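Fit the two chains together into the complex; they arrive one by one in their own frames, and the hints show the way.
Listed below are the residues making up each chain.
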Amino acid sequence: MELNKDLVAASATPLVLAMLAEGDSYGYAIIKRVAELSGGRLQWTDGMLYPVLHRLERQGYVTSQWRAAGNGRRRKYYRITRDGRAQLAAQRRQWQVVDGTLRGLWMKESTA
Amino acid sequence: MTPFAGQPLEEQIAQWRAYVRRRRVLNDADVEELEGHLRDQLAALMEAGLAAEEAFLVAVKRMGDLDALSREFARAHSERLWKQLVVTPGAPEASAAAARAETLVVLSLAVAAALAVKAPVLFGIRIHPNEELPRFYARNASLFVFPLLTLYFLWKRGWEAGRGLWLALPFAAGAFFANVYPFRTGGDTEALAILHLPIALWLAVGVAYVRGRWFSNGGRMDFVRFSGELVVYYVLIALGGGVFTAFTMLLFNAIGMNAAGLTAGWLLPCGAAGAVLIGSWLVEAKQSVIENMAPVLTRLFTPLFTALLLAFLATMAWTGSPIDVRREVLIAFDLLLALVVGLVLYAASARDPQAPPGWCDGLQWLLVLSALAVDVAALAAIAGRISEFGFTANRVAALGENLILLANLAWTAWLYARFLRGRGSFAAVERWQVAYLPVYSGWAALVVAGFPPLFGYR
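Protein chains in written order, with our numbering: chain A, 21 to 132; chain B, 43 to 500.
Okay, chain B solo, but in the shape it has when bound (with noise of 0.2 angstroms):
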């Protein structure tokens, strides 16, 4: 019955080996310490006297069933399920039945997106190729996709129709303060609103996507993940759209008609909402079959932006130049820090918790050092400008990014350098990023919610 009586053992183990390796959640190193384990069990059988066969029998059968194996370690290792999803074999007709069903359900919401954006036009809010772009549609724009991608999530993780009901609260409230609130045209408040809506929303999603595993099983870092790769394939939807728009364009050209109306007015605004929720069945269809995109353009960009970051320190310890503290630049330098934590974010989705520290560790902590040294003159200029000028809309929210991305990053340089000296676990960077993600929402919230009365909605 068994296939691996009657050989040597030698082959017997390389059998079981081959045989283990094929369970897709355990890595090299698992199978390594699990035969290991294997050999010292076979050693101490057959000391007690047991022939070679019997050993091996015995100890293949203490090892456990490996099926359950499998899930457990699946369990322990939660990122591995990321890449390929072994918890649930469904049966082959029910799952492609599902997935036809998910298919419709996507299909139906990328047309709804697409339709909420024209909606507006029934109240005489137009998009114009020639003019510029409402301001209700920049103040509006997350609130007409990210409910639709709730709702995909919520029938997907499949809530109860009474506490998916619960997160219909943080869009209204975004649409009360996005649409209530008397902006004077033109106003900071009005387009800090802008910029922190979608963030602010963006924790609503999340907790629809992990589905009461905010707090447990890597549901966060899954959320993380999730987002990053949406972000790859958006872009990647999106130049595909350009070039789409663009043949649109040359042809009707071709015959002496112009198209802009029709991709403006159309084309665009449509696409832009549908490809986030195409985008998002994407990501969840895919993530079992092709690697991560995120990680590997965060470890391509690493070095480069740790190279960046000191050159800029260095040279300005050299010239002695002060930084320049212009809108403009206040956002810039607000958006590199975001995206130096993104990168340490990232680095930390994709690395094997459980691996030593390595170069690309050093690297990472450079990466946040110098960060952190950024950051110090950013907010030295910040806090100058302010005691000079006083405070406006821009400055305090510039500031508050600022503040919050320095404890982030504070925290994180502390925890790697307790890594990289073998003192803590990589468990512990990962940790405290994931725990920090409210911080951003609720900042958000806070520019959205509280800047626009405190600052005469200037």
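The shape of chain A in the complex, shown without the other chains (with noise of 0.2 angstroms):
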């Protein structure tokens, strides 16, 4: 199943979100656990992922850090400030909200 490109684009920033909000992540990590938690339904282009982090930074939603990754590189680490937390509450009620009504319709269609 392809899921629709805007609704990918739309869930981005709550999935990216509520991922940072159990923990400093970064990029190649966010998507493998998306691709994980989705059974791999739900596919990122990979570059795409870093200038949606870059606007979340841009927001005041996230910081960023460079921490060093062991092979002498350096990895940059992102982490949710409270903006973050509070904007990633407000989406979850949105969600909330669509979810909701289409499972009000789509339980009355399956039982009529």
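The hints are simulated quantities; they were obtained by calculation from the structure and are not laboratory data.
For clarity, every value in this text was computed on a predicted model and none was experimentally measured.
Treat each hint with caution, since some may be false.
[To be verified] In the BS3-like style, the derived pairs of lysine-lysine whose C-alpha atoms are separated by at most 30 angstroms in a straight line are:
#1 A/K52 with A/K25
#2 B/K160 with B/K103
#3 A/K52 with B/K103
#4 B/K103 with A/K25
#5 A/K128 with A/K25
[As the list claims (entries may be wrong)] Beyond 12 angstroms from chain B on every Cβ pair, some chain A residues (computed):
#6 E22
#7 A38
#8 M39
#9 A41
#10 E42
#11 G43
#12 I51
#13 R61
#14 Q63
#15 V72
#16 A110
#17 R113
#18 T121
#19 L122
#20 M127
#21 E129
We put the beta carbon where it would ideally sit given N, CA and C, even for glycine.
Shown next as structure tokens:
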């Protein structure tokens, strides 16, 4: 099943914020985790995650920090801010409204 | 087909990096981040059993189309676009034709501005070299030029005529207040209106400039950048104009003729008006070519002004001499504080919002704090003067401006402190500064429209 492009784009912000709410992380790990959680059905074009992260940072929802990655390289880790958590809560309510509405409609359909 | 085939992995990665680097919206840190991702992906794929070459192809493919990626980066970092306009690479022939059309439009508008300045002569209002500049010109200075500049942006950004017409309203209101009020000759309210009308109307130019991006995509910050660059260009053009004027006088003097009528009556006023449009056009055209000047000047003068303010505060504390509240002094203090706000604003406009706090930010914070202290001292002096001698238009205007700048600086200092301690992002400082822009114009509009009747046109 291929997910609609707009839907993927719209879900990127809450997914990234929710994942960072569990702990600091970096781009590659976030993508891997999303693929795992969705059973491979939610596939991002890898590069596209980074503009999303940078935008969130600009908006003050996350901060970033370079940390040593062990093999002489550095990795840019992202951490959610207080504003970011508030934004996540707001997005969560919005998604619940959509989800609840659709659920109500489709339950009726299946019982009718 | 792929240029990367058949080479050792490191070399392929190096080639990929060089290829990515050519995208000018991506800076070194972005490339490093993307390369780190590519290497993680490669390691995982090779672990899963792919050969190095296959793994490389898969990893690059998953990274996605670089054009689309650059576009997304450009959207996330619109401030970089200011320097490198990559989003709409038009066909070369089309853009050449567009550039010619733009040149024509700008030159016509500049000529129109020059003619507008001379138009009042038809009604007997002349600029004469040996007399004082008629007050009519001082009151209407911005009205000769800003509507034409607005027109230029309406044309350039492709507004529909109907929506653009709304922007005629502020200019009509400005013309009304500047010319219908029965100002007493040499009164303070007239001087205040002359000073404040351009500030109020500049917002209308800004609305045309950003075209619907006022609240999004860094539109307001782009307008701030544009304003700063325009000032730099305008000063440069004015310097050239001064040299030109001097030579005109010199040459005609050499054959025993006085060219003062020509230079003072035509050259200076027409040049001053036309230069605003030419300068704006240069800023628009060159923003992709050269580094911005305003941020460079900001860097240069932030330490100097910080030192000046600190020295001033120390001296005032040491000698205990109070601020002498005369009109010129009050205006000088307002200008000084406005300049500090300008320094903060332009430092913000040039800063990479993602960069961590550095010593420059510490210095900015110090500048804001010392400006706050100076502002409080000035406010105390003005308040003392008002309680002693009552309200006048000048004092209320100075008081209002001081309070507005005080509010801005106080909140800026707070946001800066949060940022320096790693509690907040720099984006908050930037957002606060651009959100405050309409306050200046709003207050200026109030001074122009409300003060004259309030203080009896004196």
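A quick look at each hint next to the structure:
1. A/K52 with A/K25: holds, 19 angstroms
2. B/K160 with B/K103: violated, 64 angstroms
3. A/K52 with B/K103: holds, 16 angstroms
4. B/K103 with A/K25: holds, 18 angstroms
5. A/K128 with A/K25: holds, 28 angstroms
6. E22: Correct as stated: the minimum Cβ-Cβ distance to chain B is 16 angstroms, above 12 angstroms.
7. A38: holds, 20 angstroms
8. M39: holds, 16 angstroms
9. A41: Holds, since 17 angstroms exceeds 12 angstroms.
10. E42: Since the minimum Cβ distance to chain B is about 19 angstroms, A/E42 lies beyond 12 angstroms and the statement holds.
11. G43: holds, 18 angstroms
12. I51: Check fails; 8 angstroms does not lie beyond 12 angstroms.
13. R61: holds, 16 angstroms
14. Q63: violated, 9 angstroms
15. V72: violated, 8 angstroms
16. A110: The claim holds: A/A110 sits with its nearest Cβ about 17 angstroms from chain B, beyond 12 angstroms.
17. R113: Holds: least Cβ distance 23 angstroms, greater than 12 angstroms.
18. T121: Per Cβ check, A/T121 is outside 12 angstroms of chain B; nearest 28 angstroms; holds.
19. L122: holds, 29 angstroms
20. M127: The claim holds: A/M127 sits with its nearest Cβ about 38 angstroms from chain B, beyond 12 angstroms.
21. E129: holds, 37 angstroms
Hint violations for this structure: numbers 2, 12, 14, 15, all remaining hints satisfied.
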